[in-house]
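**Q** Here is how the chains run, residue by residue.
2 protein chains.
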Amino acid sequence: MAVNRTVLRAGLLAEGAKVVREKMIPYQWDALNDRVPGAEPSHAIENLRIAAGEKSGKYRGMVFQDSDVAKWLEAVAYRLASHPDAEWEEKADSVIDLVARAQQPDGYLNSYYTIVEPGQRWTNLAENHELYCAGHFIEAAVAYYEATGKDKLLNVVCKLADHIDSVFGPEPGKKKGYPGHEEIELALLRLYRVARDKRYLNLARYFVEERGQKPHYFEIEAKQRGEDVFLHWGKWASQYSQSHVSLRKQATAEGHSVRAMYLFIAAADLALETGDEELLKVCETLWDNTANHRMYVTGGIGSQEYGEGFTVDYDLPSDTAYAETCAAIGLFLWGWRMLKINPDRKYTDVMERALYNGIISGMSLEGDRFFYVNPLEVSPELSKVRRDHRHVASTRQDWFGCACCPPNLARLLASINRYIYSYSEGGLYVHLFADSKVEFVVGQTEVELSQETDYPWDERVRITFTMERDCNFGVHVRIPGWCSNPEIQVNGNVVEASTPSNGYVILKRKWRHGDQLQLKLPMPVEMVYAHPKVRETIGCVALQRGPVVYCLEEVDNGSNLPALSLGGNPKFRIETDPDLHVPVIMTKGYRLQESGDELYTTQVPRTIATEIKAVPYYSWDNREPGEMLVWIRRRER
Amino acid sequence: MAVNRTVLRAGLLAEGAKVVREKMIPYQWDALNDRVPGAEPSHAIENLRIAAGEKSGKYRGMVFQDSDVAKWLEAVAYRLASHPDAEWEEKADSVIDLVARAQQPDGYLNSYYTIVEPGQRWTNLAENHELYCAGHFIEAAVAYYEATGKDKLLNVVCKLADHIDSVFGPEPGKKKGYPGHEEIELALLRLYRVARDKRYLNLARYFVEERGQKPHYFEIEAKQRGEDVFLHWGKWASQYSQSHVSLRKQATAEGHSVRAMYLFIAAADLALETGDEELLKVCETLWDNTANHRMYVTGGIGSQEYGEGFTVDYDLPSDTAYAETCAAIGLFLWGWRMLKINPDRKYTDVMERALYNGIISGMSLEGDRFFYVNPLEVSPELSKVRRDHRHVASTRQDWFGCACCPPNLARLLASINRYIYSYSEGGLYVHLFADSKVEFVVGQTEVELSQETDYPWDERVRITFTMERDCNFGVHVRIPGWCSNPEIQVNGNVVEASTPSNGYVILKRKWRHGDQLQLKLPMPVEMVYAHPKVRETIGCVALQRGPVVYCLEEVDNGSNLPALSLGGNPKFRIETDPDLHVPVIMTKGYRLQESGDELYTTQVPRTIATEIKAVPYYSWDNREPGEMLVWIRRRER
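Keeping their order, the protein sequence lines are chains V and Z. Per our numbering, the first sequence starts with residue 388, numbered consecutively. Per our numbering, the second sequence starts with residue 388, numbered consecutively.
This is chain V alone, in the form it adopts within the complex (with noise of 0.2 Å):
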């Protein structure tokens, strides 16, 4: 059972969701219309046009074009469920319509497909993206449908998944193919549970489980269109899409990193419909493989450009990272299905390290500008010159030709208010801390939690109950994994309460109207060590405090950033940065001196100490382009 609507009233997720509303929404409706002056066109709603035989005119764009309007379209659903608005459902409808005349008449919905090759569907499912778009159409029709009770898109996306119903799966005469790009099996699921026809569950274990199986869907379809190989990531082919082998099969995250996290949460999703415990069992394996193997500091994941992908366990550079903003989302909505199944902070802790790092720093404060690709140290010098670093933008871009990020970030922050809160038989679960309320039911009783809280920048969090009658429930909550001092009071009183295995307390009770828990997170400047076996960061620490990485800006610390070092035991003062209006970390460091011309030398060099400036890692690349690093040296002691 879930809570009933999640409220968000400030702090920084709620000022999150309302750049959302205010800037990104409207962003989008213009780069998706083409009205962005400088950005490359969109061409996606255009596109939408000339598949709907209203226009003339190429289709141009990714393959996947439609997706982004569909990702606009989920992220609009989201807002209007949180903030209604008639001139913006307005705009979804009219966006709608034009999607439903887009579709063909039996059921096919693809504008590239539909424009380009109307006689090649379905023809390369490794590279050509149809499935995945139908995933993301189905998600905005859930959500929208969820927001607004308009059914018009979802009954379009009904006949599209008949139709890819009827031409694929284990039956004799249909296709036996599945996407190179997942996100169709969770978005099957998603439909599921608003349709309840057990057809789209069904379909989407058939892609699931299909994945990998021999001989290799890709290299038959590859044959059937004359071509000897299916794609051009060399030995990696079928890692790239996970389908190396069979899921079951696999115990390392692979390949593209969003393409398995969505195969990843589809998976999750799954095992929690089915009951599959094996299907469960590899989940978790993958899960501790992911964040504890390939995840940097920041929640970010895919260690390299080449196939936007994994490498293998502790390699994790941080000048060539890739941890691409769409990933590191991914890694969050998994984590939500792994804690709906199993409420342990393993996943919630990850969860909110990516979401306060690694994908907030996709955007810029004002939501206008982004970033694809994530990296924990940028030389904006080196991303010119060296061609290991081109996918490394030293400052954040207006669009993108690839434009998959921003629409993706634009659906999470417009949701986030659904991730802080859960209900089920054991209780209400409070996940994440932001000023916020939330309203459930427990037997007849109707209760309204009120959270109150300037997390992540304060340590305190106080939770009020309002309720009609007094009520027997549990309230669970996480005490996040970085915090080592909890204090816990209800009413005023401290609650002894050691913190079990799954790292969220329990406090069950009779609550009475009014009764408040509060709860005090200590968030000291922790120094952040990686496991010796990531062999970038040894010898550094990153700075973080409560969930939020920091890191050092040139614009603060001047050029060079690598010649700055903390000493052993480091003294951090919290100020709060005028521009940025968010806490940043003051702290005495050392800066290696340059003493000469010479490049190579036996002389030791001297150090002076200098002051330390650092700032939330996300909120970097807001005033001046610079350098910028994450993990910084720290003399041994």
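Hints in this document: simulated from the structure, not taken from any laboratory. The reader is advised that the hints may include incorrect statements.
[Unchecked claim] Straight-line Cα separation of at most 25 Å, BS3-like style, residue types lysine-lysine; simulated pairs:
#1 920/Z <-> 975/V
#2 636/Z <-> 771/V
#3 636/V <-> 771/Z
#4 920/V <-> 771/Z
#5 1000/V <-> 920/Z
#6 1000/Z <-> 920/V
#7 920/Z <-> 771/V
[Stated by the list, open to error] Covered stretches of chain Z (in silico footprint by chain V; criterion: 3 or more residues with CB under 8 Å from a CB of chain V, positions within the stretch not fixed):
#8 678-684
#9 914-926
For glycine and all other residues, C-beta sits at the position ideal for the given N, C-alpha and C.
Starting from the structure of chain V, add chain Z where the hints point.
**A** Frame of chain V; chain Z shown alone:
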């Protein structure tokens, strides 16, 4: 005035020359004749046979496959000069006969164009290496003539040079081209010194001066071929071949590092021959840029695979380094030219650094396996999976499709005796230290100098003079820049001589038969720091003893080498490795301990004391494949 024959007797360089004689020349002979099992066939000799019309078949290999034959011939020439041998002279003569037969009636010589595109000579200078191959044939011819007195190949290349002179030059009706890969310029200058035909000097000068003029010749010829652009190197298209601007306006080493070296060698030789002070100044500026801003501690140059070239000042990544063997050889040869103009150890020190480290690392101790790329940090696991490490072979290879490096190594090491001494009006110069003897003439007096030493392993050098009568001359002994406490004795008496700014101590006196000059060049293990602007190596040291840079190998130190560090004041002990038979460095250091599975932790990682063993960098990968690391973390004090 040069010295007479220098005989290398023993020691590391003599061993290198011996490996070339006994292993590399025979091995490469087999390779050129496609007789190395398992290695990519070279087809180089076969191409010449086809070009000579003696066989039918297809041209195979790189467009510059001829140059492998030429470099091999040059190596054989040096080998015959020091160690005459009828069998190898006969083989070389047979190859020379074949080359002569492959030459076209008008003097043109290039098996690729002769076989594949006979009508398209000189239409793609930017990419197709005709002038480059010509240059290598010229170098081989000069060397072979000097070694054997035989002029058959010399006549072939004079005819070839005459033909080139008829095609290229500033005169009306001639092509205004120049090579994409420099080499012809320095070769023509060598030919000029033997043939004393001013046309060769003028043609070399023309090629050097025309490069980089506007309109750009490579664009002109591309248009003539009906192509838009002349190379695929994007925005660095002309930097790649140092043709972005006139050489006289270049102040930084840009583009493909081997090409840059060959151009700079020619420029220095041209300055020497013509007394062109402005050109000399350009060479000095470029030397300063290369040696003081863009060179690895191993003497390697070229920081990235892309374009096999330079990037920007202080960008010297260890693990993705290119540092091609040929480029280090080019740097050595350029230094020699600079040294001839202006005897200064700033050149010799770099030559020595390259020679004992980044050059001889290019081959195995047995002379049968080769590195093309010489990184300063290798992880075999990452070489396999990281695309930006794909150029980094983690173990030496049998041969290469582009086999420029092994024969380049062979010709350098076979002629290494020529770089130890020089003689000019100022007296005799002792540039390098190696067990050797040399003859030279002062006025009418023949002097023989015998140098006894086990350098670079031992600090002692004893030089003994043999002559018929007393003779007044100066001996200029280089005190290596790495040596801070040299001691000089003449006949057992300490000479109080401060080292002049050029690093060559002058011992000018009436030398008598049997006089002994003794040097002590103390070589404690030094910890070398890079300039603080080298981001990659901050907090680390390289171990160096004498001119030899050391590294850590997995076979000695276990895996995850970056987890090792040196203490604040490490003591070093020298031992002799039983397998490598060279001095290795032993010291106590620390190893980061793994204390759990957590990827990120606030627990300060524990270290344990451990023994660390470092071996000469050039000798790595001669026992077991595995990790290697030059720059070692050092605890700061």
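**Q** Name the hints, by number, that the structure is in violation of.
**A** none
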